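K.L.:
Based on the hints, put chain L in the right spot on chain G.
There are 2 protein chains.
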Amino acid sequence: MFGARIPIVQAPMAGVQGAALCAAVCQAGGVGSLPAAMMTLDQLAGEITAVRAQTDAPFNVNFFAHRTPQEDADRTARWLARLRPYYEEAGLDPAALPKGPGRAPFDEAACRLVEELKPPIVSFHFGLPDEAMLARVRASGARIWGCATTVAEARWLDAHGVDAIIAQGAEAGGHRGMFLSDDIDAQPGLFALTPQVVDATRVPVIAAGGVADGRGVAAALALGAKAVQIGTAYLLSPQATTSPLHRAALKAARDDATRMTNLYTGRPARGALTRFMQEVGPMNADAPAFPLATGFSAPLRAAAEARGSSDFSPLWSGQAAALASETDAGILTQRLWRDAQIVMRALSEAGAPA
Amino acid sequence: MFGARIPIVQAPMAGVQGAALCAAVCQAGGVGSLPAAMMTLDQLAGEITAVRAQTDAPFNVNFFAHRTPQEDADRTARWLARLRPYYEEAGLDPAALPKGPGRAPFDEAACRLVEELKPPIVSFHFGLPDEAMLARVRASGARIWGCATTVAEARWLDAHGVDAIIAQGAEAGGHRGMFLSDDIDAQPGLFALTPQVVDATRVPVIAAGGVADGRGVAAALALGAKAVQIGTAYLLSPQATTSPLHRAALKAARDDATRMTNLYTGRPARGALTRFMQEVGPMNADAPAFPLATGFSAPLRAAAEARGSSDFSPLWSGQAAALASETDAGILTQRLWRDAQIVMRALSEAGAPA
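Sequences listed follow chains G and L, in order. Heads up: the first sequence is residues 607 to 960, going by the numbering used here. Heads up: the second sequence is residues 607 to 960, going by the numbering used here.
Since the hints were made in silico from the structure, they are not lab data. Don't take each hint at face value.
As the list makes no split between identical chains, a pair holds if one copy fits it or if it spans any two.
[What the hints assert, rightly or not] Below, in silico cross-link-like pairs of lysine to any residue (SDA-like), each with a Cα-Cα straight-line distance of 20 Å or less:
| no. | residue 1 | residue 2 |
| --- | --- | --- |
| 1 | K724 | D662 |
| 2 | K857 | A758 |
| 3 | K832 | A659 |
| 4 | K857 | V804 |
| 5 | K832 | G820 |
| 6 | K857 | D789 |
All of these numbers come straight from a predicted model, not from anything done at the bench.
This is chain G alone, in the form it adopts within the complex:
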């Protein structure tokens, strides 16, 4: 449907992957992705060039479509007070906090890069950029994908002219794409979300969240999705730059050991439970608005990781991380589809008239 041989999209995962993972998935017949949010535009251009050097297949460049917030001084003060014991424990001076790695929104410069480099697919998280910029992306020739976590968001994306909708179930690791609501308790699971989004919209639906093996791929297609988007299952591949601490957490994953948390960046995201999340959250209303909270958590993370601890690391992970294995991303892509085909053929026998 997207010019790919295999209906599997590798989820863009900012900070843990680049061209190597994207290209491996493309070469295997799926759709690889590049996450722009934590790259400079020069870096992103280099990654796009690197992907194109390895494959002619379509790939996806993902941008965050948030608006940069105003800092709220009172909230910042409350947050600093809450985190002070951790800064002291780490030997960090909160008055001298280095600005942590932020997340770049899709802006004029990013839009120009899209116009210049013309990635075949451009996807957005946290809604869409404004109409004028969206029109420029469309005019570049890119297919535009948006992410919906509810039927209301899916209808909104459909009305704004996206070419496909990623239906992100509550099981998904990493940042929730939610943009019309901030109530994480209202977020539907993929089983309920997928068919309702399919029924409510006119464009192909890509199911995401908790899909980590061939059974999940087949199940998503049964629910009416045209493709799946898979993230966590790729985090243990050699092509991902997942840190050793993050890999260790994924290898110890349990179905019930992740939580949604806003502590790391200011927006809800799902990851393995850490000391930071247990003691301060996992959700805390004083965490500065996305992406400002990153500047406060990143130094704690760096200090902890330097002594081998993941107490303050965002260990992004979906609820099916236990199904992941250390497999080459290209081999994994082909195995996911081969296993899905086996499941689908077996189901056809169950589907024969009794």
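P.N.:
This is chain L only, laid out in the frame that chain G set:
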């Protein structure tokens, strides 16, 4: 697998159904259920007799396996203080609260009824009764099913010798079956839960939560389940005794309009958002332990319903209620399976080698 022609189990739903719904599903080829928790044992015996008068097919009797809690005077006082404005608004004297409809746990008398009436399948919610009673149920000839909301609970049930495990995803309406944890934020969605439970246990898995049409049935089988359990989709059938207010809420259902709440009974359960849940919860640590909270909420519900309001009604509903329709339960059962077969046959074409 359970002696039924169709791998669909009608979920037991205390307070909104009895023999009529159970028998209709059995006659159509599925497995009907009777919910014991809100019936006297005499009522339950009558319902079992009524089912047997209508069908020879296997059916399921569901019991709650909780232990009756000690009342916590401080918590009760806090709860009364929190609810006082609502009692005043309703013209109720909190000192004269009638004891509301409780929920009966599986006990000696219930065990004797099972031994006497020998229902073919006995299922338990909230864990299992003690070993001695479980052995008596097993000796009665009944197949025993337990409900797991996590892999840990599934392993526990498997170790305790159940014959099948209901994997209840976070999407499910009504009471969470959880018994090894009370953290609702840790509850996995069905997409992630089902394959992990299948991999972790030796017995057949019945997938529950967010399954409301043939797509969902096919998807659950793709994930490795041997059957599905469906509740909400039956609530609009004429055989259910769902109240008009509850039916109205289901007809207006949205994917993102349910929450887990402990306000009504003391245990987390999923239902459509109400004024009570918005103002007091949806989760509140002061709500008395299950099932004691029922006595405090039931009079408010009765008073509100008497004036046509569902502000205090438990409108139990899963996240896929919008897929439900007003259909005869027998016809619905057959349609669910026929539609699932169509989906599965279509998938087999997608599953053919490319």
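K.L.:
If a hint holds in the structure, say so; if it doesn't, say that too.
P.N.:
These are the hints, each one checked on the structure:
1. With identical chains, the CA atoms of K724 and D662 are at most 20 Å apart within one copy only, with a shortest distance of 13 Å there and 66 Å across copies.
2. Within a single copy, K857 and A758 get their C-alpha atoms only as close as 35 Å, which misses the 20 Å cut-off; across copies the closest is 17 Å, which meets it.
3. Neither within a single protomer nor between protomers do K832 and A659 lie at most 20 Å apart by alpha-carbon distance, with minima of 28 Å and 46 Å respectively.
4. Proximity of K857 to V804 under the C-alpha cut-off of 20 Å is restricted to the inter-copy arrangement: shortest distance 19 Å between copies versus 34 Å within a copy.
5. In the homo-oligomer, the alpha carbons of K832 and G820 lie at most 20 Å apart both inside one protomer (15 Å) and across protomers (17 Å), since each shortest distance falls under that limit.
6. With identical chains, the CA atoms of K857 and D789 are never at most 20 Å apart, being 30 Å at best within one copy and 23 Å at best between copies.
Hints 3, 6 from the list above are not met by this structure, while the remaining hints are.
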